[in-house]
Amino acid sequence: MARKKKRWSLSDRPVIVTGVAEGAHHEHLPYQRHHFETIAQQNDATNFAMWLFLLTEIMFFGGLFTAYLIYRNWYYPAFVSASHQLSIPLGGVNTLLLICSSFTMAMGVWSAEMKKKGALVLCLILTFILGTGFLGIKTVEYGEKIEKHHVPGIHYSLNSFLYPDSDEAARVAKDHALPLDMARHTEIYFFLYFAMTGMHALHMIIGVAILAFMIARAQAGAYTTGHVTFVENFGLYWHFVDIVWIFLFPLLYLISRH
Amino acid sequence: MTNFALFPPEASKIAPQMDALYFFMVLVSLIGLTIVILLVTSFSLLYSKKRHPVAVQIEGSTMLEATWTIIPLGLFLIMFVWGALIYFRVYTPPANAMNIYVVGKQWMWKAEHAGGQHEINSLHVPVGRAVQLTLISQDVFHSFSIPAFRVKREAIPGRYTTVWFEATTPGTYHLFCTQYCGTEHSHMIGDVVVMTPEDFKKWLAGSTSGASLAQNGERLFASLSCAACHNTRPDARGPSLANVYGSRLSLASGGSVLADDAYLREAILNPSQHLTQGYAPIMPTYQGQVSEEGVIALVEYIKNLNSDYRVQQTTNTTVLLPESEGKATPAAQKPAGQGMVKQ
Amino acid sequence: MSTDTIVSLPDQSTARVPKVNFLSKENGLLSWLLTGDHKRIAILYLISITFFFFIGGALAGLIRLELLTPQSDLMATDTYNKVFTMHGIIMIFFFLVPSVPATLGNFFIPMMIGAKDLALPKINLLSWYLYMAAGILALYTMMTGGVDTGWTFTTPLSTHYVNTNVLTTGVAVFIAGFSSIFTGLNFIVTIHKMRAPGMTWFRLPLFVWAHYAASILMVLGTPVLAIAIVLVALERTMGIGVFDPTKGGDPILFQHLFWFYSHPAVYIMILPGMGVISETISTFSRKRVFGYTAVAFSSVAIAVFGFFVWAHHMFIMGISNYSMLVFSLLTMLVAVPSAIKIFNWAFTLYKGSITFETPMLYTFGFMGLFTIGGLTGVFLGTSGTDIHLTETYFIVAHFHFVMVGGMLMAFLAGVHFWWPKMTGRMYPEKISQLAAVVTFIGFNLTFFPQFILGTLGMPRRYASYPAEFQILNVFSTAGATILGVGYLLPVLYLTWSLKYGAIAGNNPWQATGLEWQTQSPPLTENFPEIPIMDHEAYDYEWLDGQKEKEVVIVG
Amino acid sequence: MSNVPDKVDHDLPEQHEREHHIVSPKIYLTILIALLVGTAVTVWASYVNLGIFNPVVALAIACTKATLVVLYFMHVKYGTKLTKLTVGAGIFTFLILVGMTLADYFTRAWGRW
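Protein chains in written order, with my numbering: chain A, 5 to 262; chain B, 83 to 425; chain C, 72 to 626; chain D, 37 to 149.
Keep in mind that a hint or two might mislead.
[Unchecked claim] Straight-line C-alpha distance at most 20 Å; calculated EDC-like pairs for lysine to aspartate or glutamate: (1) C:Lys318 to B:Asp281; (2) C:Lys318 to B:Glu348; (3) B:Lys132 to C:Glu500.
No lab work stands behind these hints, which were simulated from the structure alone.
Okay, chain A solo, but in the shape it has when bound (with noise of 0.2 Å):
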């Protein structure tokens, strides 16, 4: 849904400079657009504009976290038996996957600023390798969901809820049997897991797709030259979805797995 919208700064290419009518008492870097006064000026509004932008994603996954704590309360039982249901060294794996993604990230911020141009395509293409197994882990999550028909809706089924010992993975968690309504209810689980995992999905493939255009551009040079607002924009956004996940990783995952 949040289809990010990342700034095509024209900045990053060579612009000749053509200030002949306001005549510029102040020289103008390549990369300065006309209405900033001073670079830093463009530097600051270009990353305070990037956290307003996360304020709304907070806002965003606020809703969702506030329908999550609703009916967690609501509906405890049935969250434990279905939380049963995810994998947590997958879960796990993941979490460690993105956390190293972070910091491969916050390298390449720090490769950008030191003009090293190896250091930052490197750790660029770490952060994509690491966002994309992410995201393979994820769809051999979903694939399992789908398969024990755990999606919300008219296909949703209830025996790994009803009958445990049918199910592997309630058999390991040692569950007992949910009563027909309380099974019913971990249709409420399973559809906060796909929305929330999802839209969380959704902004790592927008996330790594951005990260494929910026390998391509760091290649031909363009974040070493001294202006790497868009690498550092770019490294919120993914500490940002890397923190929704640190959220939806024991919430969704380590519920009362003791």
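The hints should help you fit chains B, C and D onto chain A, whose structure is shown.
Below, chains B, C and D without anything else, positioned relative to chain A:
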């Protein structure tokens, strides 16, 4: 051009109280508005460019700012407290209120009296008696509104909501649905007929459907075989429902709850969340198998069940159940009270 | 100079519109469709907003015609439901939310703070494209069967019980939400980062303060509406059960998420209008706004408190009695800043030198009608009377008094006040004063009877009603026709003034804002060079000092 | 312009280098390790039966990890007061949405209806 009204009739006990607050607020608003209009017009006349060509720059005065912050805040807080009192009064029914169930469904109101009278788009109530409405909707949001009584409550699907009133003057008043609910929203209207107690009794007798709500509930109780578990045999799988209404139950998940209409409805539709202590969670859910009217009949039946005599009478077939072979039905003691379901 | 007007125009025989300005610098369709100039985007918005306003207005006319008679005889109830739904959606999302910020705010905030442009010009253009995409999608849904859930999309009606275009309308509102987010985001960044040297926060015009407060609400409130609509779409397509009581979902959760945005949305709509009123009241009484800091901080207070009060829309829906107490109390607190503003504006007139041009007439209209609108809001915020008055025509009258009486009057005041600066031409004075008076009369005749209908208990969104409400409805429809005429007049004489209007010159009103210290229509880069702000806002002494140093016109 | 003001006090970025503080990779490495340890702890904690404290511990660990990422990876620790204010405003409004909605749901059990 039939009768042309400018203010709704005051036909309930709460109406004059709410109108008092309403007119206080109208008065405050009129005073506020006249102050603003007086200020604007007088300054415009006194300091128009013709009479006062050179403006005098004034920074402001914290004294004035304080006055027109504190005075409005004070007035609004008075209105807040007064309004909250009325709100609590309207939405907290008295214990002795006579209960009528109202089911809203797309584009008609169905009122169900305890005595078994069923009304479509109309509501007959006695004058001078507290009447509590327990509202539920079968599909979308509706809102049960009687302007003459100044009461309005939303009927929402999935939960009982209540409102109460005490009619004061006999007559026929408008009933509206005030929450947009689809195509015939504007035809989901009706009449609230307030009658003297005698007329009401005559109406009750004249329009009964033969079986009281509780009797309907009893029939449903039997046909859904609730008695298979909820009988008073020592090895009964479900708790005995005699005198359960109004008692405080301790739940299996800890905590205790007052067994009111809402709890009984939830226990029927989502039993596992409302399990009483000491019983296995084996009660199936009846969500989708019994209509809102059915749940209302069951709740009414349970509310009137003050002994298990009737349950045993109607369920001597339990002796035929496989696991009870050889065990004779324990002799049912006829309870002191009349033991019949109250009409 | 005649004594009863402050308009001072250059000598019409020699004066002409400056040859080099933002309109004439480049022409051709692409120069408009790919522009980064905040002024051109403002003009694009002005045209598209007027277009949508008249569609919404036509729908309002249909509603009023239907309600002339108690029975629903002009159209079937289904059609009536679709008409009032589209009237609500178009008026709110495509006129009221964007109107002052996207037109006057876009055009004048950079000029008022002495910047060349908004911080993110491309995102500003994107905001207009999203607005047009959403608008066309909304019109598409109107053409292909409409939607009849009301603009509030109440679930479970919108998710399970209607088969009209709820999904496409949801997508349209979703995209329009992004257009509003990007406008708000642009304003906050610009006001923080691009003020001219010397332009401290307390030298900013109150117009800029009001837009800053409204932008906070746009950025923080709109995403919650986005998630609410996404959940309605998921519920409707896949039946995920989030709002479906049979699956354990709670329809009240949708109300919480929807009103969390939709109440701040009404402050998004009114705050920019208040900004316009601060400018006009100061200029036409030649005085600094009384209690500048109080008015500035009350805008921000409305923005902050606006987030805590949303459940006063849900008092009868079965929220708990205790949360009613919390929300009703906080609603009383949020009503106070509006009272502060009204009294500060009234006292700005004290010892002023007041003239009564059209913007001032609209301002007086605003002050009267917004006071009534605000006070009736307290009727609905008080839980006791809310039981009787909510969901009736009282609430319809309340929000029309605030939105049409307040916001639209302020928008018209702003358009007339800045028309000379935007186009270099003056609007015709006499006929516009007539239009203002006609609008005021038409408005009162339309919406005052609805207060009485509301106390009588006539529910809103009714296609047919009991007979005893007819007389008041006939008054209301009569008023609506006068109002319609009142709103048509400005379109006529403003377009006429583009060609035949008097040449306005730099500062026809001798106003103190920075935007009046440059030529009109302004240069593309607004100022020959970035101005240095060395005086307080609304500093009329500084303005008199400026009289002899006339600003040189480039080109 | 008549008189150019001497010291202009608005929060346009003053010097060039203050705003562009370079965070050293050493700090990034320590934060990475801290996050990995946090993940391990939260998984381990979920296997220990702490009764009602389980969600509290999980949320506490998640919040600390999130603050670490915000402060160090997103440079808010070295950022301007404005950025800190923005982050604060976002979190505050998020808490208002979650908190006041939950307040309604929890107080429903108090009243009779």
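Here is how each hint holds up against the structure:
| no. | hint | in the structure |
| --- | --- | --- |
| 1 | C:Lys318 to B:Asp281 | violated, 44 Å |
| 2 | C:Lys318 to B:Glu348 | holds, 13 Å |
| 3 | B:Lys132 to C:Glu500 | holds, 18 Å |
Checked against the numbered hints listed earlier, the structure breaks hint 1 alone; every other hint is satisfied.
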